[in-house]
Amino acid sequence: MKTNERISSLVDELEPVRPVNTARTAALSWIFALGATAVCMLLVAPFRTGFVEQLLSTPRFALETVVGLVVGILFVRAAFELAVPDRRSQRLYVTLAAVLGAFWLALFAFAFIEPALPPSMAGKRHECYYEAMAISLPMTVIAIFMLRRMYVLNGLRTGLFAGIAAGVLPAFLMQLACMHEPWHTITHHVAPIGVSAVAGAVLGAWLLRRRQ
Amino acid sequence: MRAAQSGDKASYDRLLRELATVIERYLRNRFGPAEFIDDVTQDCLLSIHTGRHTYDPDRPFRAWLFTIVRHRTIDYLRRQRGSWSTADRETDIDGIAAPESLCAVSEAATLLRQLNPQQREIIVLMKYLGFSAEETSERLGISVTGARVRLHRALAATRRLLKADWQDDS
Chain A
1 MKTNERISSL VDELEPVRPV NTARTAALSW IFALGATAVC MLLVAPFRTG
51 FVEQLLSTPR FALETVVGLV VGILFVRAAF ELAVPDRRSQ RLYVTLAAVL
101 GAFWLALFAF AFIEPALPPS MAGKRHECYY EAMAISLPMT VIAIFMLRRM
151 YVLNGLRTGL FAGIAAGVLP AFLMQLACMH EPWHTITHHV APIGVSAVAG
201 AVLGAWLLRR RQ
Chain B
1001 MRAAQSGDKA SYDRLLRELA TVIERYLRNR FGPAEFIDDV TQDCLLSIHT
1051 GRHTYDPDRP FRAWLFTIVR HRTIDYLRRQ RGSWSTADRE TDIDGIAAPE
1101 SLCAVSEAAT LLRQLNPQQR EIIVLMKYLG FSAEETSERL GISVTGARVR
1151 LHRALAATRR LLKADWQDDS
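Note that the protein sequences, when read in sequence, are chains A and B. Heads up: the first sequence begins at 1 in our numbering, then just goes up one per residue. Heads up: the second sequence begins at 1001 in our numbering, then just goes up one per residue.
Hints are computed from structural coordinates only; laboratory data are not their basis. A quick note: this is a predicted structure, and the numbers were derived from the prediction, not measured. By construction, the Cβ of each residue, glycine as well, lies at the ideal position given by its N, Cα and C atoms. Misleading hints may appear alongside valid ones.
[Stated by the list, open to error] Cβ pair distances, simulated, as ranges: (1) R1078(B) <-> L105(A): 28 to 38 Å; (2) P1057(B) <-> F103(A): 32 to 42 Å; (3) P59(A) <-> D1039(B): 54 to 64 Å; (4) R1002(B) <-> R88(A): 12 to 22 Å.
Model the full structure from these sequences, guided by the hints.
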């Protein structure tokens, strides 16, 4: 087929489309996902009593929480940016998400030296690890199917970011809902991010391959 | 593009024709009068069509367009690499493009100059002149496997150079 014929056939096929607004899509998805995560967690057990006072009285804990919130937003945004062909915005959000994500992890690592809150069993959720995965894995799948409607250039990387974003949400909320102890945070709240990241990368590489 | 997104066929037709010219010129500047330019241009147009909803009118069109062009070109070259490997096993020297016409490709020549002499030699022999791995190994006095490995490394180096070049541009 010659280029002119190709153009004519594409013009014949033209139908109106609604342009994707990555900022709006990412924001709405994040709000929906955060709300859904919070509701799911509340259905299992209430949040830790006194977490609001802890946020207000402990700047380090407030910082950890705010950074976790921003990391979640950035990873969701980065995943959606990766599904749009524009390398400059992709670089910006991927870098921001990675840097702030590393800082968030560094805060958890620093808690081994100096915990933000005195380690306590108060508010312990018995199945928090599985709870986090039960939320993040379906969310990863939903995100992958949303991203499939866009134009993904690198399925693996996009899926990885979607998986991390889905894992960060319950990890962030677990900081407020579950017991606060550095080792528990790493093994039960942060570790599921790795599981959903791997699931996202595998699903992304498989389901987000570009179709011509 | 905004008009095309709302379904205006006349604007879309004009846009695609203009883009076809832009993409063709861009690829010719990079690769010279290579035969695959028409195929890659059509691939790019198809991708622009299927991904037109991902263009955000508030962002620069150029960045969106050239990201698609870059990826389609790399995809095409990757697919070609696969068919080159098959051709290495199946074809003889007849019917391979004349080296003079290939040397005329200024971009390719520039790229070749950046490779080391061994890499340049193996690419010219196997890709430009069309020698099989066996013929190349005889000429260079190396094993057949050695020739294939050297070609593989040379192509990897070429891809790296191309990628760096693309990144500099975008």
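Structure-based check of all given hints:
no., hint, verdict
1, R1078(B) <-> L105(A): 28 to 38 Å, "holds, 35 Å"
2, P1057(B) <-> F103(A): 32 to 42 Å, "holds, 34 Å"
3, P59(A) <-> D1039(B): 54 to 64 Å, "holds, 60 Å"
4, R1002(B) <-> R88(A): 12 to 22 Å, "holds, 20 Å"
Violation of the numbered hints given earlier is absent; every hint is satisfied by the structure.
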